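For the sequence shown, the residue numbers in this note's numbering are 10 to 330.
Do not rely on the hints blindly, as some may be mistaken.
Below 25 Å or equal to it, Euclidean Cα-Cα: the simulated DMTMM-like pairs (lysine to aspartate or glutamate) are [stated by the list, open to error]: (1) 273 x 291; (2) 273 x 96; (3) 277 x 249; (4) 325 x 266; (5) 277 x 244; (6) 325 x 281; (7) 273 x 322; (8) 277 x 245; (9) 277 x 243; (10) 277 x 201; (11) 277 x 103; (12) 273 x 292; (13) 325 x 35; (14) 325 x 292; (15) 325 x 291; (16) 277 x 291.
Computed spacing ranges between beta-carbons, pair by pair [unchecked claim]: (17) 216 x 23: 22 to 30 Å; (18) 161 x 222: 14 to 22 Å; (19) 139 x 81: 22 to 30 Å; (20) 310 x 280: 43 to 51 Å; (21) 187 x 104: 47 to 55 Å; (22) 240 x 82: 40 to 48 Å; (23) 136 x 271: 47 to 55 Å; (24) 136 x 180: 16 to 24 Å; (25) 208 x 139: 36 to 44 Å; (26) 292 x 208: 42 to 50 Å; (27) 249 x 81: 43 to 51 Å.
FYI, nobody ran anything at the bench for these hints, they're computed from the structure. Model, not experiment: these values are computed from the prediction. Heads up, the beta-carbon is just placed ideally off N, CA and C, and yes, glycines get one too.
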Amino acid sequence: MSFGASGVGSHPGEDHFEALRVVFGELPDLPYLPELPARGVGADLVGRTAALLVELPVEVQPSGWRLASRPGRDHRRAVDHLARDLDGLEEVADGYEGPLKLQVCGPWTLAAAIELRHGDKMLSDQGAVRDLTASLVQGVTDHVESVRRRVPGVTEIVLQLDEPGLPGVLAGTVPTASGFGRLAPVEEWRAEEALRLFPDPVVHCCAPRVPIAMLRRAGVRAVSLDASMLSRRDEEPIGEAIEAGVNFFLGVLPGLDSSLPDVKVIAKTATDLWQRLGFAAEDLPNRVVLTPTCGLAGASPAYAKAALGRLRETAKALRGD
Numbered sequence: 010m011s012f013g014a015s016g017v018g019s020h021p022g023e024d025h026f027e028a029l030r031v032v033f034g035e036l037p038d039l040p041y042l043p044e045l046p047a048r049g050v051g052a053d054l055v056g057r058t059a060a061l062l063v064e065l066p067v068e069v070q071p072s073g074w075r076l077a078s079r080p081g082r083d084h085r086r087a088v089d090h091l092a093r094d095l096d097g098l099e100e101v102a103d104g105y106e107g108p109l110k111l112q113v114c115g116p117w118t119l120a121a122a123i124e125l126r127h128g129d130k131m132l133s134d135q136g137a138v139r140d141l142t143a144s145l146v147q148g149v150t151d152h153v154e155s156v157r158r159r160v161p162g163v164t165e166i167v168l169q170l171d172e173p174g175l176p177g178v179l180a181g182t183v184p185t186a187s188g189f190g191r192l193a194p195v196e197e198w199r200a201e202e203a204l205r206l207f208p209d210p211v212v213h214c215c216a217p218r219v220p221i222a223m224l225r226r227a228g229v230r231a232v233s234l235d236a237s238m239l240s241r242r243d244e245e246p247i248g249e250a251i252e253a254g255v256n257f258f259l260g261v262l263p264g265l266d267s268s269l270p271d272v273k274v275i276a277k278t279a280t281d282l283w284q285r286l287g288f289a290a291e292d293l294p295n296r297v298v299l300t301p302t303c304g305l306a307g308a309s310p311a312y313a314k315a316a317l318g319r320l321r322e323t324a325k326a327l328r329g330d
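Working from the sequences, and respecting the hints, build out all of it.
Written as structure tokens, this is what we have:
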């Protein structure tokens with residue numbers, strides 16, 4: 010794996026053509042299909058992924074997303090957003106050859122966000138979680154095939170599962186639909202079992218307490234996390250994961266507008282961690298991809314473009330070019 014730099018997924022604004030042009034212009038090693046949540050219902054993390062679900066339509070209620078008996082306006086809006094994004098991808102990526110990253114909400118964060126038709130969140134029902142996961146696996150498979158048809162020059166699809174809710178799912182801190190209680194924690198073996206159903210994923214989690222050891226056991230391709238949230242106690246499981254062949258997408262730049270550090274300062278975040286872990290310096294560019302700490306939806310368009318460009322420059326410096 011030598012992708013250099015990439016992004017997490019979300020972008021500011023509502024112009025999907027411009028977001029695509031920025032991504033393909035600034036991140037030639039690993040561009041991705043950006044998400045624009047500012048467009049509203051159906052463009053958010055949960056709604057966008059719900060558009061991929063097979064035979065599980067959803068709708069928006071005051072409490073959030075909920076399963077519906079049939080596809081309605083909210084579901085169609087999410088499907089339309091994704092269709093327009095794919096049309097834009099086909100146009101902007103015309104002639105492109107190389108890898109492409111696709112992001113979807115992971116099954117556990119999705120189960121903690123979507124409510125059953127007449128009850129609590131899907132996470133409260135093991136059978137519902139199994140149905141949701143199976144539906145998502147099929148939906149992702151169809152999505153990947155659609156992208157490959159539209160952009161025939163894609164040599165590899167890198168699938169990213171966004172799981173910001175995973176630590177809370179495992180710790181039992183996810184609130185019930187009423188908000189007065191907490192759902193029971195999910196056993197790690199169940200989480201591993203579900204994640205194994207997805208083809209060689211990158212799992213992104215920008216929350217504290219990323220379950221690195223569990224993700225390693227689940228056989229993920231890479232773990233994507235916020236470097237600023239790491240503590241020294243995280244270094245042992247990171248080292249064990251690297252030794253087991255797991256790669257890392259390391260968030261080294263803020264996702265919100267700020268003064269961009271120099272290339273050397275950004276690179277130092279990665280090189281210092283790598284040195285503390287005791288791995289050979291020349292292996293770092295092949296095992297670590299530089300990213301923002303999280304999505305860029307809350308940033309300005311100018312900052313988003315500049316941040317991705319700075320990450321590209323830093324990755325180039327780490328490769329010794």
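Outcome of the hint check:
| no. | hint | in the structure |
| --- | --- | --- |
| 1 | 273 x 291 | holds (16 Å) |
| 2 | 273 x 96 | violated (38 Å) |
| 3 | 277 x 249 | holds (21 Å) |
| 4 | 325 x 266 | holds (23 Å) |
| 5 | 277 x 244 | holds (16 Å) |
| 6 | 325 x 281 | holds (17 Å) |
| 7 | 273 x 322 | holds (10 Å) |
| 8 | 277 x 245 | holds (19 Å) |
| 9 | 277 x 243 | holds (18 Å) |
| 10 | 277 x 201 | violated (33 Å) |
| 11 | 277 x 103 | violated (36 Å) |
| 12 | 273 x 292 | holds (18 Å) |
| 13 | 325 x 35 | holds (12 Å) |
| 14 | 325 x 292 | holds (14 Å) |
| 15 | 325 x 291 | holds (13 Å) |
| 16 | 277 x 291 | holds (14 Å) |
| 17 | 216 x 23: 22 to 30 Å | holds (27 Å) |
| 18 | 161 x 222: 14 to 22 Å | violated (39 Å) |
| 19 | 139 x 81: 22 to 30 Å | holds (25 Å) |
| 20 | 310 x 280: 43 to 51 Å | violated (30 Å) |
| 21 | 187 x 104: 47 to 55 Å | holds (53 Å) |
| 22 | 240 x 82: 40 to 48 Å | holds (45 Å) |
| 23 | 136 x 271: 47 to 55 Å | holds (53 Å) |
| 24 | 136 x 180: 16 to 24 Å | holds (22 Å) |
| 25 | 208 x 139: 36 to 44 Å | violated (18 Å) |
| 26 | 292 x 208: 42 to 50 Å | violated (25 Å) |
| 27 | 249 x 81: 43 to 51 Å | holds (47 Å) |
The structure does not agree with the numbered hints 2, 10, 11, 18, 20, 25, 26 stated previously, though it agrees with the rest.
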